[in-house]
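Given the coordinates of chain A, work out where chain B should sit on it, guided by the hints.
Protein chains in written order, with this note's numbering: chain A, 1 to 277; chain B, 1001 to 1308.
Any given hint could be a false lead.
[Said to hold, decoys possible] Result set (SDA-like, lysine to any residue): computed pairs, CA atoms no more than 25 angstroms apart in a straight line:
{"no.": "1", "chain 1": "A", "residue 1": "274", "chain 2": "B", "residue 2": "1015"}
{"no.": "2", "chain 1": "B", "residue 1": "1110", "chain 2": "A", "residue 2": "169"}
{"no.": "3", "chain 1": "B", "residue 1": "1110", "chain 2": "A", "residue 2": "108"}
{"no.": "4", "chain 1": "B", "residue 1": "1017", "chain 2": "A", "residue 2": "9"}
{"no.": "5", "chain 1": "A", "residue 1": "274", "chain 2": "B", "residue 2": "1053"}
{"no.": "6", "chain 1": "B", "residue 1": "1110", "chain 2": "A", "residue 2": "167"}
{"no.": "7", "chain 1": "A", "residue 1": "6", "chain 2": "B", "residue 2": "1192"}
{"no.": "8", "chain 1": "B", "residue 1": "1111", "chain 2": "A", "residue 2": "99"}
{"no.": "9", "chain 1": "B", "residue 1": "1130", "chain 2": "A", "residue 2": "11"}
{"no.": "10", "chain 1": "A", "residue 1": "6", "chain 2": "B", "residue 2": "1162"}
{"no.": "11", "chain 1": "B", "residue 1": "1136", "chain 2": "B", "residue 2": "1192"}
{"no.": "12", "chain 1": "A", "residue 1": "6", "chain 2": "A", "residue 2": "115"}
{"no.": "13", "chain 1": "B", "residue 1": "1110", "chain 2": "A", "residue 2": "9"}
{"no.": "14", "chain 1": "B", "residue 1": "1130", "chain 2": "B", "residue 2": "1194"}
{"no.": "15", "chain 1": "A", "residue 1": "6", "chain 2": "B", "residue 2": "1110"}
{"no.": "16", "chain 1": "B", "residue 1": "1076", "chain 2": "B", "residue 2": "1094"}
{"no.": "17", "chain 1": "A", "residue 1": "6", "chain 2": "B", "residue 2": "1072"}
{"no.": "18", "chain 1": "B", "residue 1": "1130", "chain 2": "A", "residue 2": "15"}
{"no.": "19", "chain 1": "A", "residue 1": "6", "chain 2": "B", "residue 2": "1088"}
{"no.": "20", "chain 1": "B", "residue 1": "1076", "chain 2": "A", "residue 2": "18"}
{"no.": "21", "chain 1": "B", "residue 1": "1111", "chain 2": "A", "residue 2": "5"}
{"no.": "22", "chain 1": "A", "residue 1": "274", "chain 2": "B", "residue 2": "1072"}
{"no.": "23", "chain 1": "B", "residue 1": "1130", "chain 2": "A", "residue 2": "18"}
{"no.": "24", "chain 1": "B", "residue 1": "1130", "chain 2": "A", "residue 2": "9"}
{"no.": "25", "chain 1": "B", "residue 1": "1110", "chain 2": "B", "residue 2": "1124"}
{"no.": "26", "chain 1": "A", "residue 1": "274", "chain 2": "B", "residue 2": "1097"}
{"no.": "27", "chain 1": "A", "residue 1": "16", "chain 2": "B", "residue 2": "1093"}
{"no.": "28", "chain 1": "B", "residue 1": "1111", "chain 2": "A", "residue 2": "14"}
{"no.": "29", "chain 1": "B", "residue 1": "1286", "chain 2": "B", "residue 2": "1227"}
{"no.": "30", "chain 1": "B", "residue 1": "1017", "chain 2": "A", "residue 2": "273"}
{"no.": "31", "chain 1": "A", "residue 1": "16", "chain 2": "B", "residue 2": "1127"}
{"no.": "32", "chain 1": "B", "residue 1": "1111", "chain 2": "A", "residue 2": "167"}
Hints in this document: simulated from the structure, not taken from any laboratory.
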Amino acid sequence: MPAIIKITFREALGRKVVLISLILAAAFLGLYGTGVHFVAGDLARHPNPMLAQMIYPQLLSFGLYFGGFIVSFLAIFSAVGAISSEIESGIIQTIIPKPVRRDEIVLGKFLGTGLFLALYAALFFTVIYLLIHLKTGMELTGQWKALALFALQPVVLLAVTLCGSTVLPTIANGVVMFMLYAVSIIGGMVEQIGWLINNATLQQTGILASLIMPVDALYRKIVHLLMNPAANPLQALQQMGPFGSMSEPSVWMVVYAVLYVIFFAGMAVYLFGKRDI
Amino acid sequence: MDLAIETINLTKHYGNKVGCADICLRVPRGQIFGFLGSNGAGKSTLVKTLMGLLFPTSGEAWLLGKPLGDIGVRRKIGFLPENFRYHDWLTCRQLLDFHASLYGMSNDEKKRRIPQVIKQVGLSGHERQKIRTYSKGMQQRAGLACALLPDPDLLFLDEPTSALDPLGRRDVREILVELRAGGKTIFLNSHLLSEVEMICDTVAFIRQGTVIRQGTLDELRSAEINVEMRLEGLTEQIRGALAGLTLSLYIEGDTVLANVSKDEDIPLLAEAVILGGGRLYELNRKRSSLEEMFISMAQEGTNNAGHH
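The following block holds chain A by itself, in its conformation from the complex:
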C-alpha cells in the first residue's frame, strides 16, 4: 500500500495538480484577504461598532463557504477517475497482476488523495482563520475542531467519489458526484430557510439532504464552532443568511459523516474487489 499512496501523492505533484491548486488558492485567498483588509479598515473607523459585529462573521462564513467549495471541487476532480480512468486507459492492468491486493490499491488511493486534500483544506482554513483573526480582531472559538471538520469535508466527498469511480465511467461519475454535492448545498440552504421561517418540512428536507451528502452539515457545524453562541449575544444575527447556521448540527452528524466515509471507502474496496477489468 505505501507504493500506491506514494504514487498517488506523486501523481498530484507530477501532474501539477498541487501547483495549480496552490496558485488558485493563492488567487482566491489574495482576493479574499484584500477584501477583508479594506472592510476591516473601513469598519474600524465607523462610528457604530455593531456594524462590524454583524459584518465580520459574514466575512468569515463567506470565506469558509467558498473555500469549502473550492476544496470540494478539488476533491471531486481528484477522485472522479481515480480508478475508472486507470481502467479506461489500461494502466490498472499493469498494477493488479502485481503482488498487491485490490483493497490495497483502493485504500492506497484513498489515503494518498485524502492526505493531500486534508492538508490542502487545512492550509486553506488556516489562512482564512488567520486573515479574519488578525485583520478584524474577531475572537473565534473551537478553531482546532473546526479545522478538523474543514479537512473532513473533502474526505467525505473523496470517499463517495472513489466508490463511484470503481463502478462508473469517469464522466458519469463526475455528473453523479456534482449532483450529490448540489443536493448537499441546496439542502443546506433549504434547511437554513426552514429555521428562519420555522418551517418543519424545509428543516427535515435539509436534514435528509445532509444524510445523503453530509458536507454542508459539516460546514454549518464549523460555523457554529467558530462563532460560539455562548460567547456572543448577537449570535442569531451572525448566523442569518445563506452562509450562516441557524441550527447547529449535532455531534451525531459528525459521527455520521465519519461513518459515511468508512462506509463508502469500504464499498469502494468491496466493489473493486469484485469487478472484472
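Here is chain B on its own, set in the frame of chain A:
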C-alpha cells in the same frame, strides 16, 4: 511434470457470451509457450483471467504451483499487457521504481535490478526521459522492463512486439531465448506466427473460446498432412471427390491445397483427379507452416460455424 501453468476447465462467461470455455492447459517450466487464435477467439480473456484481472466463472488454475489468486506467487510473475499504458508523467526510472515497489523489492534490490533491466531492453541513456516522450516502441520496451523487474520465473507477454521494428523484435526474441535458457517460462500471446514458430517449444490454438489443439510444433505438424497439387480440368466431380477425402480443401486457380489425416489418403487424391478426367502435373507433400495450420484451423471453425 513440474508445471508453470495448469488450468482445468477454466471458463469465463460475460453474461451469456463465452469468453473462454473449459480451457485445459499444461505448460511445463522452462518453455516458451505460444498461445494462438484469431481476434476475439478468447486469448486475452484467458490471459486476463490468469493475471487476476477477470474472475473465472468456473474451473481451476495454478501458476507456479499456486492456485489462482495467490498474491505471494505474483512476486515471481511478470506481465506485459497487449494495450500497455503506463504512468506517462513518470520517467522510465521512476516508473520502474514504482513497479519495483509494487513487487516489494528493497532499495538495494532496486538499485541492482533497475539498471539491469534498462540495459536488457535497450533503453540505456533514455531512463531519465518521461514515458510520454517515448515512441510506442520505446514504451513497449519500458513495459517489458517492468515485467522483467522481479527476474520472473513466469512471464506473460501479450503481443510483446506489436509496436517494435524488426530490430526491436529480434532483441525481444533474444531476451526470451535467454530467459528460457535460464529456466524461465514464457507464455507468449502473438499474431506474429513466424516469430512464434522461431522460438516457441509448444503452442495451443484457441477458437471460439475453446482450445482446439495443443502440443509441440513437431507434434502438431505431424498431425497435419498437407498436399499441394497443380492440375488442369478441375470439375465439380473432382472437387466433390477431393472434398470427401480431405479434412480441408483450398482451391486457387489450378492449385489445390488439401489436408488429409493419413498418408494412405495421398494416392487416393491423385486417383480422384485422374478418374475425374483431370490432368495432374504436380503433387507435393508439404510440411505445414504455423501460418498454414492457423489458417486451416480458423477455416475449419468458419466452416463449422457455417454448418451450424
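* To do: For the pair we were handed, residue 6 (chain A) and residue 1162 (chain B), check the Cα-Cα distance against 25 angstroms.
  => 32 angstroms, violated
* Asked: Has the given pair, residue 1111 (chain B) with residue 167 (chain A), been kept, meaning a C-alpha gap of at most 25 angstroms?
  -> Status violated; Cα separation ~38 angstroms.
* Given the hint that residue 6 (chain A) pairs with residue 1088 (chain B), does the C-alpha gap stay at or below 25 angstroms? -> 16 angstroms, holds
* Asked: Between residue 6 (chain A) and residue 1072 (chain B), does the CA-CA distance stay at or below 25 angstroms?
  -> Roughly 22 angstroms between the alpha carbons, so the hint for residue 6 (chain A) and residue 1072 (chain B) holds.
* residue 1130 (chain B) paired with residue 1194 (chain B) [C-alpha distance capped at 25 angstroms] -> Not OK: residue 1130 (chain B) and residue 1194 (chain B) at ~33 angstroms, beyond 25 angstroms, violated.
* **Holds or violated: residue 1111 (chain B) to residue 14 (chain A), with C-alpha atoms at most 25 angstroms apart** => Distance ~23 angstroms between residue 1111 (chain B) and residue 14 (chain A) Cα, so the pair holds.
* Holds or violated: residue 274 (chain A) with residue 1072 (chain B), Cα cutoff 25 angstroms? -> 20 angstroms, holds
* Asked: residue 16 (chain A) and residue 1093 (chain B): Cα distance at most 25 angstroms?
  -> 19 angstroms, holds
* Is the hinted pair residue 1130 (chain B) and residue 18 (chain A) satisfied, with a Cα-Cα distance of at most 25 angstroms? -> Roughly 19 angstroms separates the two Cα atoms, so the pair holds.
* Asked: Between residue 274 (chain A) and residue 1015 (chain B), does the CA-CA distance stay at or below 25 angstroms?
  -> 15 angstroms, holds
* Given the hint that residue 1136 (chain B) pairs with residue 1192 (chain B), does the C-alpha gap stay at or below 25 angstroms? -> Distance of about 18 angstroms is within 25 angstroms: holds.
* Asked: Is residue 1130 (chain B) within 25 angstroms of residue 9 (chain A), Cα to Cα?
  -> Satisfied, since the Cα-Cα distance of roughly 18 angstroms is no more than 25 angstroms.
This entry does not satisfy hints 2, 4, 6, 7, 10, 14, 20, 26 and 32, going by the numbered hints stated previously.
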